[in-house]
Amino acid sequence: MMASSYNAKDEDGIQPGSVGSGGPGAVKNRKPDNTAFKQQRLPAWQPILTAGTVLPAFFTIGLIFIPIGIGLFVTSNNIKEFEIDYTGVDKSSPCFHCSQNYSWNSTSACTCSVPFTLETSFESNVFMYYGLSNFYQNHRRYVKSRDDSQLNGDQSSLLNPSKECEPYRKSDEKTIAPCGAIANSLFNDTLELFHIHPNGNRTAIHLVKTGIAWWTDKHVKFRNPGGNNKNLSVAFQDTSKPVNWRKPVYELDPTDPDNNGFINEDFIVWMRTAALPTFRKLFRIIQKKKDSKTPTLQSGNYTLEVTYNYPVRSFDGRKRMILSTISWMGGKNPFLGIAYMTVGSVCFFLGVVLLIIHHKYGNRNNNADIPN
Amino acid sequence: MGSLLSACGLKKKKKAEENRHLRANDREFNFSFQYANNAIKTSRYNIFTFLPLNLFEQFQRLANAYFVFLLMLQLIPQISSLSWFTTVVPLLLVLSITLAKDLSDDITRHKNDKHVNNREVEVLIDGEVKKEKWMNVQVGDIVKLENNEFVTADLLLLSSSEPLNLVYIETAELDGETNLKVKQALTVTGDLGNDIQRLAAFKGEVHCEPPNNRLDRFTGTLTVSGETLALDNERILLRGCTLRNTEWCFGLVVFGGPDTKLMQNSGKTVFKRTSIDRLMNVLVMFIFGFLAFMCTILSIGNAIWEYQEGESFIAFLPRPDGANASLSAFLTFWSYVIILNTVVPISLYVSVEILRLGNSYFIDWDRKMYHVKSDTPAQARTTTLNEELGQIKYIFSDKTGTLTQNIMTFNRCSINGKSYGDVVDFAGQRVEITEKTEKVDFSWNPLADPKFSFYDHQLVEAVKQGSPAVQDFFRLLALCHTVMPEEKTEGELYYQAQSPDEGALVTAARNFGFVFRSRTPESISVMEMGVPTTYELLAVLDFNNVRKRMSVIVRSPKGRLILYCKGADTMIYERLHPSCSKIMEVTTEHLNEYAGEGLRTLALACKDLDEEKFAEWKQRHHVASTAMDDREAKLDAIYEEIEKDLQLLGASAVEDKLQDGVPQTIEQLAQADIKIWVLTGDKQETAENIGYSCNMLREEMKDIFIVAANTAAEVRKELVNARKKMSPESGDEPPIMKSRLWGKKSQVVEDEKVDGEYGLVINGHSLAFALQKDMQLELLRTACMCQTVICCRVTPLQKAQVVELVKKHKNAVTLAIGDGANDVSMIKTAHIGVGISGQEGMQAVLSSDFSFAQFRYLQRLLLVHGRWSYLRMCKFLRYFFYKNFTFTFVHFWYGFFCGFSAQTVYDEWFITLYNLVYTALPVIALSMFDQDVNDRWSFQYPQLYSPGQLNQYFSKMAFVRILLHSCYSSLILFFIPWAAMNDTVRDDGKEIADYQSFALLAQTCLLIAVNVQLGLDTCYWTAVNQFFLWGSLSVYFAVTFTMYSNGMYLIFTSSFPFIGAARNSLSQPNVWLTIFLTTILCSLPVVAQRFLFIQLKPTINDKVRHKVRQSKAMPLPPPRRFPRRRISTRRSGYAFSHARGYGDLVTSGGFLRIPIKTRPTIFPRSETPVADSTPQTYRAIYQESASS
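Protein chains in written order, with the UniProt record's numbering: chain B, 1 to 372; chain S, 1 to 1188.
This is chain B alone, in the form it adopts within the complex:
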């Protein structure tokens, strides 16, 4: 412990005596300024990892995480979800024939109906999704194959879109609107849902097709060309429909001018490319009937009527229809709940282990003298 350090008087800080001798016109010397910053004496908080801070932290995190995890898990479990794969891979599946003889150019739509049974009834709003698997919407070449300016209604981009759209930029000397691979591969199956009453009657279930896209997408990002011109076919003249499409963009929803053209919500939803090759996209909403005690979808038999347009068999893809309710934390996904519970438990366990270790070995450190 006998370290010596040399501290001469002139070295440390202020010299009380020197003020008088210097007088008012003291010679300016090269002495560095005595500021906390320059002398590296800035006031600072210096936390260190001690048993007193680390162990409580572990226990607290454990105690916080486990309830959160349980809450999330319960919430997720309470969400009702029903999923049906209608790709038609099996020979027995109703859509098998549609999946087999598919061509982009066929004029007659192939339809198939898939029956299913809901074991429990769905109480609140039910959201209908279509899901695709093995579909690489996040492939770099795919993701960038679009022109946001065109989709934003920019007139010059409409006729002269970005090169990124190649090879879906021009067709027959005409500009494609909307251009690019994303738009070209727009999901175009039609799904309809029928409730089969026990008596055999079919009731079509009302599917709401608006309100499925982000507000920002619908109102800012996507805009039809030609401003307020309601006549979209004029606005889109001189453009050609995407190669794979059956109809031009201004006929996506002729019944509703606010859902037609670029601002068609099915289109907008599709254009928001997925992060992963397996994804689901909101297709329709089945709204809970107001002031009705009956569930939105009661348990029972249903039929899904599919107009089978979209080929996925070639790349081993799958098409699914999902019915789901939602909660404050979104759709059904037990992962977060399980993860929180696990992490919480591990923390708690680690806390105990560290506590034991601290008790057994820790004092060595605290009391040990530092060799000198």
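For the record, the hints were derived by calculation from the structure and aren't laboratory data.
Do not take every clue at face value.
[What the hints assert, rightly or not] Using 16 angstroms as the maximum straight-line C-alpha spacing, the simulated EDC-like pairs for lysine to aspartate or glutamate come out as follows:
1. B/K80 x S/D988
2. B/K144 x B/E123
3. S/K203 x S/E28
4. B/K163 x S/D321
5. B/K80 x S/D987
6. S/K368 x B/D33
7. B/K241 x B/E173
8. B/K288 x S/D321
9. S/K1107 x S/D935
10. B/K38 x S/D364
11. B/K31 x S/D364
12. B/K80 x S/D983
13. S/K644 x S/D673
14. B/K144 x S/E908
15. B/K31 x S/D375
16. B/K209 x S/D321
17. S/K808 x S/D774
18. B/K38 x S/D935
19. S/K956 x S/E28
20. B/K38 x S/D930
[Stated by the list, open to error] Output of the computed footprint for chain S on chain B, the stretches with three or more beta carbons under 8 angstroms from beta carbons of chain S:
21. 87-100
22. 120-133
23. 222-228
24. 249-255
25. 284-296
26. 338-352
Backbone N, C-alpha and C define an ideal beta-carbon position, used for all residues, glycine too.
Could you slot chain S onto chain B? The hints should help.
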């Protein structure tokens, strides 16, 4: 075209000059050759060339070139996976920062050039001597130089004020040697003298070699009126030298400005790199390999994907024409090179420079390294070596001027068995002498030197009372010496002493009333207690290394014939009269005491001579002194005869004043496990003595080996013996760790284990043998086992060799510290050179990397600044690599989910801004302000320094750990969001698992996780750290929301496609729960692991920090200790210079003819041992020339 080229090209680069031809005083003639005039230009750019040239230079750097390469890759649409701005923005920033730095450097150079070019010199123009600027001096001009002026250009010496046309020059700026050199003009030109008319009419023609950089060679001829004379290096004064001891001289300009040998030699300053720099280069190479490895894996993945999936996915995602799986894989490789380029961080180099600069400023600003007396703050002259200060293992120190002040003070004396000099209080206790202690008042003596201070009043009382012994003592000091007095005005005395010791003794005698005033060859005039007395000087029995004593024989005015002798006690004691035995005993005790305090002692004796015997002796002396052969030995024998039966008068003790705080500093550094080697030009005894007094050699050391042998074999034997004694089991073959790195074979000698502390003293002669090739390693092994090594009588070259030896064969960082020109070589050789500033010579400082005024600041530089710098740099690098690897690896994992298509995980803007904005400032704050414990605790526990020496904070192992840690973090950061967002929707059923939301989530997780990691790494949370950390996070959110806002989208539609992502995603609870989860998962294992290590294997840092926490306050300043008294039997060195004295000069009186007024300094006070050891050879030359 050709002519144009030649006009432009040849004008600038004249075809190599083969022969230089010039004529004195004929500007028109010389102008025809277009020789360069004397203007110099060290600046690199002018206004127009700055931008293109600088950019060209910058792109030659590997890192910058790499980014240009990336930029070019990005311009290929098939490859480009990122927008151009992700590379351009950082590159521009880096370029512009460097640009600004180079600009300011070049402006400084311009200023310096201007300053030098505008210096004035007298030039002979049109028969008149006119002041002219240096830059206007032309080849062929005749210039006049005066004493102490810089030589303007490379000159042919024509004539000088000195006899035989000699001039004395100091070449320190050229070769670092301070001893003066002699140049001599040709007689033909020398005859011109300072006759302006004749000089103006001088039409000599010079033919000589073209400009070159050989300092020691010059060939040419001078043709004067048909006569051709050979010219060699002896006639040439080189630019950069300084004229000394020469009133004036005339020279003919031969080479000017850029052609001078000084300028031809400049520009090869060694660029020092730190070990971290070298490690970083290795790591960057490794990273490149790693990058290629990752890209290869991903491109293989791409090939497989394209083959398996891509083929069938063509319906939705057609391939470009002609593309197949293998082409796609090839392109993907380059795409991933672009995406993963962040593992080779371009901003790393810039940030490293910034924080080194910052830490250099902290050194400049440190008040505790500011020396009040000389008004000198510490200065970091090189701003790129800071962290290496925290890794020093060996310090090589000069002695004179570094450890000692080179000031001798008369401190104690023992007269007739009574010791004087101590201050004793009433109880008889010794009192520490401080500045407050009352000094003896010498005002009764009008000739006293006011600077002299003495504290024991008894002595002056004794003198005043006329005690004969005391008076004799001082009379001896006033008479027996070879000091030159100089009395410009009445009573204002200056002594020019050959050694500072002698000066101190004569000054002491002067103050105690025996004032030495003047001398002639035959007499010495002394003012004895106010009475002018003149002694007849009969003989000077001079000093030499064998005799170790000097005597004078004088006749007092009363006719008494006395021999006064002073010398090493061993020498004097052998020649004492037996009657002195009693006083001898007491004096021996005193001598031991003085020696124990590290004082340099001399014994003084006198003897009355018999007139007849002396006459007879004088006769024989005359014979001996005129003997043709073996004169020295004969003289020694004659001297021996008369120097016997002496009466002991007493002993004097002179203190070689150490710089303040040297022993404490050395003790501190030793505790920090730094080995200190003293390399001094002094002789062994002096050096050993200083070694003791500054705590380097200690009594408690197990052994101190002294190697002083005369043959190589003996030296080797002594070294081996020493080594065997320290470590009996050490083998004959040095334990060499051979490693091949980048084709350079390095031999690293491992440290050997020794128990106990040892010291080694080796003299210059032995060192010369030991430094020979076959013995080097033996020396190194033995020396490195010792705690302290002292090398004496070392030449500047040997200093550098010793440093080089350790540098080459030890895996350790070396530091050399010195103050004089003789230290320049070692300062330049060592990893870090430190110069002591505020002294006269500036050469050491100019070639140093750090400079300050006092040796003691070294401990602060190393233990505080060095340690912090190293800590900060390592923390910075560890964190920087962590954050960039983590950032990049996420892309790697994402590759497996996006068909290896080189799709980025994050928004391009995030990629651009991540290093530049979002994470730049917090890490800078961390690496600027972080300190584990404050400076006082760093001093308290010097052991805190050792992690740096062992490279513990940043090494290849540490790098691998970072890699693994990043790997873990990136797995968490990718797969937790992946799992959490899988098939999830918003709380209104809408999309949230889309690419943009996922990117936003992943980048937010990443940013928060790396900031938390930063928080865990920060030990010292200043307001700035907090501000930067929270500021960066806020900036991130602000920028993100802004970039994803409607307005930005509507203005720059194609640049900001992420519109709405922030609003729609960050409003979701599960997004925040995911962020929270990833953060905890990233940081908890780190906390647990660190806590575990603190509990199980606490490092010294952990322990000290724990202690700081416990004590909550500053460490108590350690009690100030009195210098330890050594109970030593060692006798200290004696107060003489190393070389033969001036006895001859004094008696011959030759120099006394030199008029004093033209000699402000007869013996310029030379700072350095080298100069001491070659005492003023130029005088001797004059002597010879005058007598011949």
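Hints and how they fare:
1. B/K80 x S/D988: Holds. B/K80 to S/D988 sits at ~15 angstroms (cutoff 16 angstroms).
2. B/K144 x B/E123: Between B/K144 and B/E123 the Cα gap is close to 40 angstroms, so the pair fails against 16 angstroms, i.e. violated.
3. S/K203 x S/E28: 13 angstroms, holds
4. B/K163 x S/D321: With a Cα-Cα distance of about 15 angstroms, the restraint between B/K163 and S/D321 holds, given a limit of 16 angstroms.
5. B/K80 x S/D987: 14 angstroms, holds
6. S/K368 x B/D33: 11 angstroms, holds
7. B/K241 x B/E173: 12 angstroms, holds
8. B/K288 x S/D321: 51 angstroms, violated
9. S/K1107 x S/D935: 15 angstroms, holds
10. B/K38 x S/D364: 9 angstroms, holds
11. B/K31 x S/D364: Distance of about 10 angstroms is within 16 angstroms: holds.
12. B/K80 x S/D983: 14 angstroms, holds
13. S/K644 x S/D673: Answer violated: S/K644 to S/D673 is near 51 angstroms, above 16 angstroms.
14. B/K144 x S/E908: 12 angstroms, holds
15. B/K31 x S/D375: 7 angstroms, holds
16. B/K209 x S/D321: Not satisfied, since the Cα-Cα distance of roughly 39 angstroms exceeds 16 angstroms.
17. S/K808 x S/D774: OK: S/K808 and S/D774 at ~15 angstroms, within 16 angstroms.
18. B/K38 x S/D935: Holds, at about 14 angstroms.
19. S/K956 x S/E28: 66 angstroms, violated
20. B/K38 x S/D930: The hint holds at about 14 angstroms.
21. 87-100: Our answer is that it is violated, as 0 residues pass the Cβ test (under 8 angstroms) against chain S, missing three.
22. 120-133: holds (count 4)
23. 222-228: violated (count 0)
24. 249-255: The restraint on the stretch 249-255 of chain B is violated, since only 0 of its residues have a Cβ under 8 angstroms from chain S and three are required.
25. 284-296: It is violated, with 1 qualifying residues against the three required.
26. 338-352: holds (count 5)
Violated hints for the displayed structure, listed by number in ascending order: 2, 8, 13, 16, 19, 21, 23, 24, 25.
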